[in-house]
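Protein chains in written order, with the numbering used here: chain L, 30 to 317; chain W, 31 to 343; chain R, 442 to 756.
Incorrect hints may appear among the rest.
DSSO-like mimics (lysine-lysine), calculated; alpha carbons at most 27 Å apart, straight line [unchecked claim]:
| no. | chain 1 | residue 1 | chain 2 | residue 2 |
| --- | --- | --- | --- | --- |
| 1 | R | K520 | R | K464 |
| 2 | R | K569 | R | K583 |
| 3 | W | K265 | W | K157 |
| 4 | W | K50 | W | K111 |
| 5 | L | K51 | R | K583 |
| 6 | R | K569 | W | K288 |
| 7 | W | K226 | W | K265 |
| 8 | W | K133 | W | K111 |
| 9 | W | K175 | W | K265 |
| 10 | W | K330 | W | K288 |
| 11 | W | K265 | W | K288 |
| 12 | R | K569 | R | K545 |
| 13 | W | K175 | R | K453 |
| 14 | R | K695 | W | K265 |
| 15 | W | K226 | R | K453 |
Pairwise CB distance ranges, derived in the manner of DEER restraints [to be verified]:
| no. | chain 1 | residue 1 | chain 2 | residue 2 | range |
| --- | --- | --- | --- | --- | --- |
| 16 | R | E446 | W | G335 | 55 to 65 Å |
| 17 | R | R557 | W | R324 | 49 to 59 Å |
| 18 | L | C123 | R | Q534 | 38 to 48 Å |
| 19 | W | L105 | L | V61 | 28 to 38 Å |
| 20 | R | R456 | L | V64 | 28 to 38 Å |
| 21 | R | K520 | L | C123 | 52 to 62 Å |
| 22 | L | A50 | R | T454 | 35 to 45 Å |
| 23 | R | N538 | L | G141 | 49 to 59 Å |
| 24 | R | I455 | L | A290 | 30 to 40 Å |
For the record, the hints were derived by calculation from the structure and aren't laboratory data.
Remember, predicted model here, so these are calculated numbers, not experimental data.
Virtual Cβ for every residue (Gly too), placed ideally from N, Cα, C.
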Amino acid sequence: MEQEQPKKVRSEFIFFAWRNAKLRIGVSILLVFIVFAVVGPFLVKYDPYEYSGPMGAPPSREHWFGTTIFGQDVFSQFALGTRSTLTVGLLGGCIGTMVGILVGLLGGYRGGMLDEFLNVITNIILIIPTLAVLIIIAAYLEVRGILTQSLFIGLTAWPWAARAIRAQTFSLRVREFVDLARITGRSSLRIVLTEIAPNMMSYLLLVFILQFGGAVLNAATLDFIGLGPTKGVSLGLIMNNAVLWAALQLGMWWWLLPPGATIAAIVGALYITNVGLDEIFNPKLREM
Amino acid sequence: MLSLERVTKVYRLGAFGLQKLIAVRDVSFEIGEREIVSLIGESGSGKSTIGKLILRLTPITSGTIRFEGTDVSTLNGLSLKEYYRRVQGVFQDPFASFNPIFKADRVFRMVRDEFYPQVGMREWNEKVEGALRAVGLNPPDVLNKFPHQLSGGQLQRFLVARALLLDIRLLIADEIISMLDASTRVDVLNLLADLKARGLSILFITHDLSLGYYISERAIILYRGRIAEMGPTDKIYNRPLHPYTEMLMESVPRLDRKWEEEGRIERKAALTGSVPGGCVYADRCPKAMDICTREEPELKEAETGHFVACWAR
Amino acid sequence: MLQVENLTVYYKTIRGYVQALEKATFTLADGEIMGLAGESGCGKTTLGHSLIYLRPPMNYIGGRVVLDGQELPIWDMEKMQEFRYRHISLIPQYAMNALNPTRKIGKMIAELLESRGVSYSEILPELKRRLDLVQLTQDVLKMYPIELSGGMKQRMVMVISTLLNPSLLIADEITSALDVSTQKAVCEMLVEFRDRGFVKSTIIITHDISILYQIADSIMVMYAGQLSEKAPTEVVFQDPRHPYTRMLIGSLPKVGVRYQEERLRGIPGSPPQLLNPPPGCRFRDRCPVAFGRCTEVPPFLEISPGHSVACWRAF
Numbered sequence: 030m031e032q033e034q035p036k037k038v039r040s041e042f043i044f045f046a047w048r049n050a051k052l053r054i055g056v057s058i059l060l061v062f063i064v065f066a067v068v069g070p071f072l073v074k075y076d077p078y079e080y081s082g083p084m085g086a087p088p089s090r091e092h093w094f095g096t097t098i099f100g101q102d103v104f105s106q107f108a109l110g111t112r113s114t115l116t117v118g119l120l121g122g123c124i125g126t127m128v129g130i131l132v133g134l135l136g137g138y139r140g141g142m143l144d145e146f147l148n149v150i151t152n153i154i155l156i157i158p159t160l161a162v163l164i165i166i167a168a169y170l171e172v173r174g175i176l177t178q179s180l181f182i183g184l185t186a187w188p189w190a191a192r193a194i195r196a197q198t199f200s201l202r203v204r205e206f207v208d209l210a211r212i213t214g215r216s217s218l219r220i221v222l223t224e225i226a227p228n229m230m231s232y233l234l235l236v237f238i239l240q241f242g243g244a245v246l247n248a249a250t251l252d253f254i255g256l257g258p259t260k261g262v263s264l265g266l267i268m269n270n271a272v273l274w275a276a277l278q279l280g281m282w283w284w285l286l287p288p289g290a291t292i293a294a295i296v297g298a299l300y301i302t303n304v305g306l307d308e309i310f311n312p313k314l315r316e317m
Numbered sequence: 031m032l033s034l035e036r037v038t039k040v041y042r043l044g045a046f047g048l049q050k051l052i053a054v055r056d057v058s059f060e061i062g063e064r065e066i067v068s069l070i071g072e073s074g075s076g077k078s079t080i081g082k083l084i085l086r087l088t089p090i091t092s093g094t095i096r097f098e099g100t101d102v103s104t105l106n107g108l109s110l111k112e113y114y115r116r117v118q119g120v121f122q123d124p125f126a127s128f129n130p131i132f133k134a135d136r137v138f139r140m141v142r143d144e145f146y147p148q149v150g151m152r153e154w155n156e157k158v159e160g161a162l163r164a165v166g167l168n169p170p171d172v173l174n175k176f177p178h179q180l181s182g183g184q185l186q187r188f189l190v191a192r193a194l195l196l197d198i199r200l201l202i203a204d205e206i207i208s209m210l211d212a213s214t215r216v217d218v219l220n221l222l223a224d225l226k227a228r229g230l231s232i233l234f235i236t237h238d239l240s241l242g243y244y245i246s247e248r249a250i251i252l253y254r255g256r257i258a259e260m261g262p263t264d265k266i267y268n269r270p271l272h273p274y275t276e277m278l279m280e281s282v283p284r285l286d287r288k289w290e291e292e293g294r295i296e297r298k299a300a301l302t303g304s305v306p307g308g309c310v311y312a313d314r315c316p317k318a319m320d321i322c323t324r325e326e327p328e329l330k331e332a333e334t335g336h337f338v339a340c341w342a343r
Numbered sequence: 442m443l444q445v446e447n448l449t450v451y452y453k454t455i456r457g458y459v460q461a462l463e464k465a466t467f468t469l470a471d472g473e474i475m476g477l478a479g480e481s482g483c484g485k486t487t488l489g490h491s492l493i494y495l496r497p498p499m500n501y502i503g504g505r506v507v508l509d510g511q512e513l514p515i516w517d518m519e520k521m522q523e524f525r526y527r528h529i530s531l532i533p534q535y536a537m538n539a540l541n542p543t544r545k546i547g548k549m550i551a552e553l554l555e556s557r558g559v560s561y562s563e564i565l566p567e568l569k570r571r572l573d574l575v576q577l578t579q580d581v582l583k584m585y586p587i588e589l590s591g592g593m594k595q596r597m598v599m600v601i602s603t604l605l606n607p608s609l610l611i612a613d614e615i616t617s618a619l620d621v622s623t624q625k626a627v628c629e630m631l632v633e634f635r636d637r638g639f640v641k642s643t644i645i646i647t648h649d650i651s652i653l654y655q656i657a658d659s660i661m662v663m664y665a666g667q668l669s670e671k672a673p674t675e676v677v678f679q680d681p682r683h684p685y686t687r688m689l690i691g692s693l694p695k696v697g698v699r700y701q702e703e704r705l706r707g708i709p710g711s712p713p714q715l716l717n718p719p720p721g722c723r724f725r726d727r728c729p730v731a732f733g734r735c736t737e738v739p740p741f742l743e744i745s746p747g748h749s750v751a752c753w754r755a756f
């Protein structure tokens, strides 16, 4: 479709992006974890649930992050858990963003009764306590995989994104270039995709990043209270087990700290990235 | 060529559209072949709404708009496209008329995609260059640039050139020079005059009275969604019949004469939103009579071709 | 009386300085209403605002501003505080929409006066007199801004900004968002305020020259950050000496002129970039009478009493 991108705008973006320390820090942290999520599982020497060593041993050369109270290798669990947690975040964030974009664009561009209808649904989902619903749904499902978890998280997180995108669409829809496309005989779908959406790219990126962070946090919360995937391993599950077996009281910090710190770091990095991007996209916040 | 018959537009506002805003009410007029008609009104008069209705950018509430005999509201799909081939618009804000993240000539490519997909690239480029020259632009200067690299005047010409790529008969020019600087706006006005010479009709929507005089043969004065007066431009300007037009002509800052010292100062603000039973201007009118607040005056022909909606006439 | 000498103000951007106002030198007499005209981006707003609120990204480069014999520390935002509102008042372009919507108008005025150490109750009788004068009822003091129409708000803003009888009032495009009928009322009010001594002198910044023809005593035309011409209003229209002024006036449609009878002409070309403007007269590229000398900056010289112009051809 439209291939060209404004060179000037783009180079300006890179210029500001490079100058922005928040973005540099956020993206670097994220990259470290993403690389780890990809590479980490290949470094794993043990099955995460195999009783492979001494019970409750502190970090050593054999077991980098020590072992659990049952003698399972924490590093193996951690490496695989990081991968699955990031996967849930990515999938859940994508689903939430997609639904939000769809509902927001549709309602905002078409307006009228359709918009009123979508608005009501959005508001209902917005005020329902998400976590409570997730707990109920999760509790009813016998087998829960990463995919179902992402789906649930995504499908409950979109309303605020939809609202924000709807508001943006509203303001873009009355712009003259949209009118001009209409009197050129363009179809509504093409107008939304080629006129309105490209103008929101920066905004959509921000939405995605926030959804991503929210999904990671939600997934960890669910796992932590024992409603995570029934099979497999995730950062939240490791913490859940650690707390369940009183790791803290027994002084087994190596069991609890890596997953906890990683979740905090990923979510924190996403938010720092978000603030950094916001400063870049919004000229008013740019440091002169 | 284009005729409006008792056209009314009501906007629904608020949750579930419970509030109503009557933007245009029972407006009827015609635009003939090779004619420039000025539609003059202050903010809130509904002048831009009429432009949008003609361009089918907003649905009509009641009444009919006919283009060469066909009811415009019945058009859809292909027939609507054919309508846009003949009727086009240019809007107020040149910078907002271009999608800021794409190059300006994208508007031409859009026309080709939609209307002339069969025309070869080389032939098309020649056509575009021809249209640009016709509006007084030098193609190499303006092609392949982003909107912010061009001036407001250049962008407006660009949009006129875009309309010329189609076989247009009628151009709706909605405040197209109000955002341009004085030194460039007159060139765009002259361009409209040239288009007329090429056989086009133009509806020139403006709030600026002096521009209306320069360019058009006929003028329509709109007040709060109603036509107050309509007729040959020189008659409206030199011998206005409606008290509202009179007030406008007195207040407009002219370059040929100064405001009278103790002129009638219009300090009463228009009430917004309310629809009284009588004449919409009655609450501000110095000549208001009893009947004016009770019954609404119809547009009547006071002299040949000169219509006014006022009980005092 | 306002004297401005070599006032130079640039905008700081990441690509360098935008030379928005270059060595402006002019005087404004007591009782004078001066129109400051020019196209968008010519520096007229920069000039107006730099006299009162010179803040980043605007950068003070040089020059002096003397008001009633006292030099204004325009480069110092803090020190200017004692002059603002008391001695110089500015009505910005969207002032009427900038009224705090959550405050009743009377309360807002009281707070404003308090911040300047003036008692509201003492000034109230005068305030009421002035509201009468502009045909606003005293009830407006108990109203919220949203309850007023655009024209009423603009009149309110004018009363507020001149309440302490400032020496200089700067009105930035205050009529451009108004309908012609209210526009006229606001313009007449500017004249009336001057006549009654509420303000000594006024600078009206506008792109609408026909308004200046109606009410201004003198007009100063700017182009691309440089002063082009300043003269009494009649002279600007009858005998403009700068080619830009001449072409600008010539491009204005007048009621009674039609394209068939008299085809007006615009000014071809567009103003130069102010980031790295070409040396010399900045109108050079669009000027039909430019010659070799124009690569030097022409001085802004008085060629007859009250008539100054910056053009080598005019001297």
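Evaluated hints:
1. K520(R) / K464(R): Since the Cα atoms of K520(R) and K464(R) sit roughly 23 Å apart, the hinted pair holds (cutoff 27 Å).
2. K569(R) / K583(R): Status holds; Cα separation ~12 Å.
3. K265(W) / K157(W): 41 Å, violated
4. K50(W) / K111(W): 31 Å, violated
5. K51(L) / K583(R): Since the Cα atoms of K51(L) and K583(R) sit roughly 48 Å apart, the hinted pair is violated (cutoff 27 Å).
6. K569(R) / K288(W): Violated. K569(R) to K288(W) sits at ~31 Å, over the 27 Å cutoff.
7. K226(W) / K265(W): 21 Å, holds
8. K133(W) / K111(W): With Cα atoms ~24 Å apart, K133(W) and K111(W) stay inside 27 Å; holds.
9. K175(W) / K265(W): 45 Å, violated
10. K330(W) / K288(W): Not OK: K330(W) and K288(W) at ~32 Å, beyond 27 Å, violated.
11. K265(W) / K288(W): Given pair K265(W), K288(W) holds - Cα atoms ~21 Å apart, limit 27 Å.
12. K569(R) / K545(R): 16 Å, holds
13. K175(W) / K453(R): 26 Å, holds
14. K695(R) / K265(W): Measuring from Cα to Cα gives roughly 16 Å; hence the hint holds.
15. K226(W) / K453(R): 46 Å, violated
16. E446(R) / G335(W): 55 to 65 Å: Once the Cβ atoms are compared, 59 Å apart, the range 55 to 65 Å for G335(W) and E446(R) holds.
17. R557(R) / R324(W): 49 to 59 Å: 52 Å, holds
18. C123(L) / Q534(R): 38 to 48 Å: At 44 Å between Cβs, range holds.
19. L105(W) / V61(L): 28 to 38 Å: 59 Å, violated
20. R456(R) / V64(L): 28 to 38 Å: 37 Å, holds
21. K520(R) / C123(L): 52 to 62 Å: With a Cβ separation near 56 Å, K520(R) and C123(L) satisfy 52 to 62 Å, so the hint holds.
22. A50(L) / T454(R): 35 to 45 Å: 21 Å, violated
23. N538(R) / G141(L): 49 to 59 Å: Roughly 29 Å apart at Cβ, these two residues miss the hinted range, so it is violated.
24. I455(R) / A290(L): 30 to 40 Å: 38 Å, holds
Going through the hint list in order, the structure does not satisfy hints 3, 4, 5, 6, 9, 10, 15, 19, 22 and 23.
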